Amino acid sequence: MEAGARADRQRGRADDQTPGAELSSVSIAILNYQRREVLRGALEMARRQRGALEIIAVDNASTDGSAEMVRRDFPDVRLVELPDNRGASGRNAGVAAAKGDLVVTLDNDVLFTTPDDVERVVTVFARHPRAAVVNFMIVGPDGHLSRRDWCHPRDPDRWAETEFTTSYVLEGASACRREAFLAAGGYWPPFFIGHEGLDLALRLINAGHDLVYTPEIRVRHLVEPSVRPSSRIYYTFTRNALWVTLRNHRPARAAASIVQDLALMGFCATRAGELRAYARGLRDGLSGARAALASRAPLSPDAYARLGIAYAHRPGVVGRVLRHLRERLI
Numbered sequence: 001m002e003a004g005a006r007a008d009r010q011r012g013r014a015d016d017q018t019p020g021a022e023l024s025s026v027s028i029a030i031l032n033y034q035r036r037e038v039l040r041g042a043l044e045m046a047r048r049q050r051g052a053l054e055i056i057a058v059d060n061a062s063t064d065g066s067a068e069m070v071r072r073d074f075p076d077v078r079l080v081e082l083p084d085n086r087g088a089s090g091r092n093a094g095v096a097a098a099k100g101d102l103v104v105t106l107d108n109d110v111l112f113t114t115p116d117d118v119e120r121v122v123t124v125f126a127r128h129p130r131a132a133v134v135n136f137m138i139v140g141p142d143g144h145l146s147r148r149d150w151c152h153p154r155d156p157d158r159w160a161e162t163e164f165t166t167s168y169v170l171e172g173a174s175a176c177r178r179e180a181f182l183a184a185g186g187y188w189p190p191f192f193i194g195h196e197g198l199d200l201a202l203r204l205i206n207a208g209h210d211l212v213y214t215p216e217i218r219v220r221h222l223v224e225p226s227v228r229p230s231s232r233i234y235y236t237f238t239r240n241a242l243w244v245t246l247r248n249h250r251p252a253r254a255a256a257s258i259v260q261d262l263a264l265m266g267f268c269a270t271r272a273g274e275l276r277a278y279a280r281g282l283r284d285g286l287s288g289a290r291a292a293l294a295s296r297a298p299l300s301p302d303a304y305a306r307l308g309i310a311y312a313h314r315p316g317v318v319g320r321v322l323r324h325l326r327e328r329l330i
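Under my numbering, the first residue of the sequence shown is numbered 1, with each subsequent residue one higher.
Just so you know, the hints here were simulated from the structure itself, not pulled from any lab data.
Hints may be right or wrong, so weigh each one.
[What the hints assert, rightly or not] In silico SDA-like cross-links for lysine to any residue, where the CA-CA straight-line distance does not exceed 20 Å:
(1) K99 - P75
(2) K99 - G172
(3) K99 - G65
(4) K99 - A183
(5) K99 - L79
(6) K99 - F74
(7) K99 - A180
(8) K99 - M69
(9) K99 - E81
(10) K99 - D84
(11) K99 - Q34
(12) K99 - L182
(13) K99 - N85
Keep in mind that this is a model prediction, so the values were computed, not measured.
With the hints as constraints, model all of the structure from the sequences given.
Shown next as structure tokens:
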């Protein structure tokens with residue numbers, strides 16, 4: 001009954017917005033692993049949203065009582081309990097379970113900043129009928145742009161306050177059209193974490209969809225931005241960069257992409273003293289190449305053309321290296 005009332009409220013507000021917005025309903029899916037109290041805060045913030053059809057908590061087999069807390073303290077939240085920790089691909093279960101046409105996917109430490117954010121999601125999608133994903137602006141605990149979380153192919157100093165077509169999916173700070181997400185296969189489970197957003201983005205672009213970044217919806221990332229990345233990041237990012245390329249690019253593009261991406265990752269790993277993690281990532285990336293190739297769906301010429309438009313303002317390799325030196329992103 002409560003969910004129905006929420007849906008009615010959403011439809012009522014949508015009538016006053018962009019034409020067609022009333023056709024959309026929004027589910028919120030929050031992914032969690034071993035962060036019970038952080039999840040509690042995320043669910044409390046999600047409850048305050050106007051226009052949400054439902055809230056879903058996806059738990060990656062936590063052992064800290066997260067699922068029990070949701071059942072006890074949030075009876076209105078749909079709980080999806082996974083039998084094992086599936087990493088980022090746990091979001092697939094949340095999107096599949098959702099009843100909404102649109103699904104907001106958040107990490108447990110990413111919070112809405114106003115009660116109207118879900119309503120803004122509907123408005124932005126109505127403005128971009130070809131968009132499969134709308135990415136949100138991520139701000140840090142201080143309320144300023146989180147540069148560490150900026151993954152778009154544009155300079156954040158120039159473009160953070162501008163809405164534009166992008167080439168990336170921010171897994172834990174975005175909304176998707178449920179049907180398009182599922183048709184593209186969601187997040188490929190072997191990635192576990194790292195580059196799964198880029199992989200899904202390429203699949204969606206190949207299917208003819210647009211991806212949008214908007215500063216109109218801002219979410220707060222609670223993780224302290226100065227925390228030093230672990231060896232696991234260098235390992236998974238190296239391994240997964242190879243798999244993304246093998247799954248999505250044609251041979252000539254794949255060769256160029258592998259050389260460029262692995263060279264940049266090697267530079268970052270060397271500077272951080274993480275060459276061993278980098279080497280392990282290369283080794284396991286190569287050993288898993290067969291599975292990546294078996295699931296290959298090369299980008300079409302049209303997809304490459306549209307990707308080129310998204311990359312029109314992308315900094316070159318030198319610019320990305322300089323950004324790493326300045327901000328120590330990984």
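Cross-check of the supplied hints:
At roughly 17 Å between alpha-carbon atoms, K99 and P75 fall within 20 Å of each other, so this suggested pair holds. Distance hint between K99 and G172 is fulfilled; the C-alpha atoms sit about 19 Å from each other, no more than 20 Å. Restraint check for K99 and G65: the C-alpha separation of about 26 Å exceeds 20 Å, so the hint is violated. About 16 Å separates the Cα atoms of K99 and A183, which keeps this hinted pair within 20 Å; it holds.
Simply put, K99 and L79 have alpha-carbon atoms about 13 Å apart, close enough for the 20 Å limit, and the pair holds. Under the criterion of a C-alpha separation no larger than 20 Å, the hint pairing K99 with F74 is consistent with the structure, at around 18 Å. About 14 Å separates the Cα atoms of K99 and A180, which keeps this hinted pair within 20 Å; it holds. A distance of roughly 23 Å separates the Cα atoms of K99 and M69; the hinted pair therefore is violated under the 20 Å criterion.
For the given pair, K99 sits about 17 Å from E81 by alpha-carbon distance, which is consistent with the 20 Å threshold. Distance hint between K99 and D84 is unfulfilled; the C-alpha atoms sit about 24 Å from each other, more than 20 Å. This hinted pair does not check out: K99 and Q34 have alpha carbons roughly 26 Å apart, beyond 20 Å. Restraint check for K99 and L182: the C-alpha separation of about 13 Å stays at or below 20 Å, so the hint holds.
For the given pair, K99 sits about 23 Å from N85 by alpha-carbon distance, which is inconsistent with the 20 Å threshold.
This entry does not satisfy hints 3, 8, 10, 11 and 13, going by the numbered hints stated previously.
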